[in-house]
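Going line by line, the protein sequences match chains A and B. Residue numbers for the first sequence follow the UniProt record's numbering, beginning at 1 and rising by one. Residue numbers for the second sequence follow the UniProt record's numbering, beginning at 1 and rising by one.
Heads up, some of the hints might be wrong.
Derived DEER-like restraints, expressed as beta-carbon distance ranges [said to hold, decoys possible]:
id, chain 1, residue 1, chain 2, residue 2, range
1, B, E42, A, E149, 35 to 41 Å
2, B, E20, A, P185, 44 to 50 Å
3, B, P260, A, Q154, 49 to 55 Å
4, B, T29, A, S63, 29 to 35 Å
5, A, N281, B, P260, 37 to 43 Å
6, A, R215, B, P152, 38 to 44 Å
7, A, V213, B, E20, 42 to 48 Å
8, A, H254, B, T289, 20 to 26 Å
9, B, H132, A, R215, 40 to 46 Å
Negatives, chain A to chain B, calculated, CB over 12 Å [claimed, not checked]:
id, residue
10, P30
11, S122
12, T184
13, R195
14, G227
15, G237
16, C243
17, R249
18, V264
One-sided excerpt, in silico: chain B residues whose CB lies under 7 Å from chain A [said to hold, decoys possible]:
id, residue
19, L74
20, R92
21, L93
22, L104
23, P109
24, G116
25, A119
26, P223
27, H226
28, M231
29, V234
In short, the hints are calculated from the structure, not lab data. Ideal placement from N, C-alpha and C gives every residue a C-beta, glycine not left out.
2 protein chains.
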Amino acid sequence: MLDYPALAAVAAVVREGSFERAAAALAITPSAVSQRVRGLEERLGAILIVRGQPCEATELGRSLCAHLDQVRLLEHDLAPALGSTAAGAGDRLTLPVAVNADSLATWFPAAAAAFGRVADVSLDLTLDDEAHTANRLRAGEVMAAVTAEREPVQGCRTLSLGALRYAACASPEFVARYFARGITPQALEQAPCLRFDRRDFLQARWARAALGVERVGPVHWVPSTHGFLDMTLVGLGWGMHPCAMVEDRIAAGHLIELAPAHRVDVPLYWTVTRLHAAALNQLTQAVSTAAGEVLGR
Amino acid sequence: MLDYPALAAVAAVVREGSFERAAAALAITPSAVSQRVRGLEERLGAILIVRGQPCEATELGRSLCAHLDQVRLLEHDLAPALGSTAAGAGDRLTLPVAVNADSLATWFPAAAAAFGRVADVSLDLTLDDEAHTANRLRAGEVMAAVTAEREPVQGCRTLSLGALRYAACASPEFVARYFARGITPQALEQAPCLRFDRRDFLQARWARAALGVERVGPVHWVPSTHGFLDMTLVGLGWGMHPCAMVEDRIAAGHLIELAPAHRVDVPLYWTVTRLHAAALNQLTQAVSTAAGEVLGR
Numbered sequence: 001m002l003d004y005p006a007l008a009a010v011a012a013v014v015r016e017g018s019f020e021r022a023a024a025a026l027a028i029t030p031s032a033v034s035q036r037v038r039g040l041e042e043r044l045g046a047i048l049i050v051r052g053q054p055c056e057a058t059e060l061g062r063s064l065c066a067h068l069d070q071v072r073l074l075e076h077d078l079a080p081a082l083g084s085t086a087a088g089a090g091d092r093l094t095l096p097v098a099v100n101a102d103s104l105a106t107w108f109p110a111a112a113a114a115f116g117r118v119a120d121v122s123l124d125l126t127l128d129d130e131a132h133t134a135n136r137l138r139a140g141e142v143m144a145a146v147t148a149e150r151e152p153v154q155g156c157r158t159l160s161l162g163a164l165r166y167a168a169c170a171s172p173e174f175v176a177r178y179f180a181r182g183i184t185p186q187a188l189e190q191a192p193c194l195r196f197d198r199r200d201f202l203q204a205r206w207a208r209a210a211l212g213v214e215r216v217g218p219v220h221w222v223p224s225t226h227g228f229l230d231m232t233l234v235g236l237g238w239g240m241h242p243c244a245m246v247e248d249r250i251a252a253g254h255l256i257e258l259a260p261a262h263r264v265d266v267p268l269y270w271t272v273t274r275l276h277a278a279a280l281n282q283l284t285q286a287v288s289t290a291a292g293e294v295l296g297r
Numbered sequence: 001m002l003d004y005p006a007l008a009a010v011a012a013v014v015r016e017g018s019f020e021r022a023a024a025a026l027a028i029t030p031s032a033v034s035q036r037v038r039g040l041e042e043r044l045g046a047i048l049i050v051r052g053q054p055c056e057a058t059e060l061g062r063s064l065c066a067h068l069d070q071v072r073l074l075e076h077d078l079a080p081a082l083g084s085t086a087a088g089a090g091d092r093l094t095l096p097v098a099v100n101a102d103s104l105a106t107w108f109p110a111a112a113a114a115f116g117r118v119a120d121v122s123l124d125l126t127l128d129d130e131a132h133t134a135n136r137l138r139a140g141e142v143m144a145a146v147t148a149e150r151e152p153v154q155g156c157r158t159l160s161l162g163a164l165r166y167a168a169c170a171s172p173e174f175v176a177r178y179f180a181r182g183i184t185p186q187a188l189e190q191a192p193c194l195r196f197d198r199r200d201f202l203q204a205r206w207a208r209a210a211l212g213v214e215r216v217g218p219v220h221w222v223p224s225t226h227g228f229l230d231m232t233l234v235g236l237g238w239g240m241h242p243c244a245m246v247e248d249r250i251a252a253g254h255l256i257e258l259a260p261a262h263r264v265d266v267p268l269y270w271t272v273t274r275l276h277a278a279a280l281n282q283l284t285q286a287v288s289t290a291a292g293e294v295l296g297r
């Protein structure tokens, strides 16, 4: 068997970023943490942690931490049978999950809250830059992910969650300034638009659907869902927003939808480790329910 | 002199992530982009771009792109004297700026909008994980940064922007569940709290100031300012929020402040490349004004 107390020390150092903070989290001394980590490294004949600011796991270290996560998840299900009460802080189960920014800004909090009410488990959310989700799952950095790309991942199953619907919006002042003569291809080339990041092609997709052109105007880059909305409200540019975030603003006249007939759908998926563990099932259930209330299927 | 058209091709590939998208942005063919990049690499005897998904700059490539940004910035100031009108899309000036998440969620949009009204320049915002800001400035990845750490950076000047003030908040249901008998150290060890990331120690700082203890309860990790607020509103945990974001919610009774006498201040700084260029000065002015209206000094 692996030396699990030592492995727990490795995982704590990786999670906290330093030996000192890992020691505080485990309520042992830093030198005890250091001994456990070094002992395991010597027995395995391999380095598990790259010492630095912050400390990071090597590839083998990551695999072992992922294994520890799975063992903890399975062990968690035994707790009622063992008659144990709530575990100590160092032992509390934490589920690492990757979420895309627009989900976190719309339907995901309801899923997290529902999960929090039924499970005594911490969530460790990572904002997912969609292209890397599959790799994060493969490397064992997360146990589940909300992703905009349907990519099969070994050892995981994938559920369709429906689609997040986007609307092209701008502030009334912005529309008056750039689209006074209508939303034409020429006007679109002059009007500054917002893009989330290099992988965000929603603006071009909308322009093609609504106007049959791909060329949009100068770009401001704003890699935050709410920042994106705030920048649109203050008139820096037009942008594509999840309908769930802007419907109230459109109704109140704070935003104008540029072409209501042309909304853009982005399908979302839930990819989750195949492991028969209550916490994973509870989270999948909460995600599926919350997504169902917001996303069209 | 450097071959600037070739350097512009390198910068476009790095910015867009691929030769095809760079070609579209520059309105030339992909093979023309490829020829320019390879030609410059051959003359310099060094690789500038690591071909991949996405394409990324080598260290030398990054230095050259940073140099190109500076040249463009200075050139931009000549435009009125040269009588040129708005430059084409490929030539439009873009300012790369790093911003911390809580600033983007509070006072920064007003700064960006004010800048957008006076300057015909695109902003390329990067969400800053504060510890790396200084390195990003040194590597030339950004020309300015809002940071929570005052660190001198060679070739840059640093302005104090005041402090962002944080309040410890939770939903009324959460307070009823965990703090019915008051906010005691014992209650705090049981109540789930939210942390933004591994470098976020605001919760512990507040606990020390308000209760004289450092130990807080189980942690959920939520690396998004608005996600953090949404998770607090739905009752997943208590957390530290910028006062500017929660004052309305506290007044409306959606959130309860845990210890109004113990707010926590985080000083913010604006670190900007020392370069006498109008766009940088305009941005610094807009940042200083917008920060002044929200941050206490």
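The hints, checked one at a time:
1. E42/B x E149/A: 35 to 41 Å: 37 Å, holds
2. E20/B x P185/A: 44 to 50 Å: 22 Å, violated
3. P260/B x Q154/A: 49 to 55 Å: 52 Å, holds
4. T29/B x S63/A: 29 to 35 Å: 44 Å, violated
5. N281/A x P260/B: 37 to 43 Å: Given range 37 to 43 Å: holds, Cβ gap about 41 Å.
6. R215/A x P152/B: 38 to 44 Å: Check passed, 43 Å falls within 38 to 44 Å.
7. V213/A x E20/B: 42 to 48 Å: 18 Å, violated
8. H254/A x T289/B: 20 to 26 Å: This hint holds: roughly 23 Å between Cβ atoms.
9. H132/B x R215/A: 40 to 46 Å: Violated - the Cβ-Cβ distance for H132/B and R215/A, about 34 Å, lies outside 40 to 46 Å.
10. P30: 16 Å, holds
11. S122: 5 Å, violated
12. T184: 17 Å, holds
13. R195: At about 10 Å from chain B, R195/A fails to clear the 12 Å cut-off, so the statement is violated.
14. G227: At roughly 4 Å from the nearest Cβ of chain B, G227/A sits no farther out than 12 Å, so the non-interface label is violated.
15. G237: 8 Å, violated
16. C243: 17 Å, holds
17. R249: 14 Å, holds
18. V264: Answer for V264/A: holds, closest chain B Cβ roughly 19 Å.
19. L74: 20 Å, violated
20. R92: 5 Å, holds
21. L93: Status violated, d = 9 Å.
22. L104: 4 Å, holds
23. P109: 4 Å, holds
24. G116: 5 Å, holds
25. A119: 11 Å, violated
26. P223: 5 Å, holds
27. H226: The hint holds - H226/B has a Cβ within 7 Å of chain A, the shortest such distance being about 4 Å.
28. M231: Given a least distance of 5 Å, the restraint on M231/B holds.
29. V234: 4 Å, holds
Checked against the numbered hints given earlier, this structure breaks hints 2, 4, 7, 9, 11, 13, 14, 15, 19, 21, 25; the rest are met.
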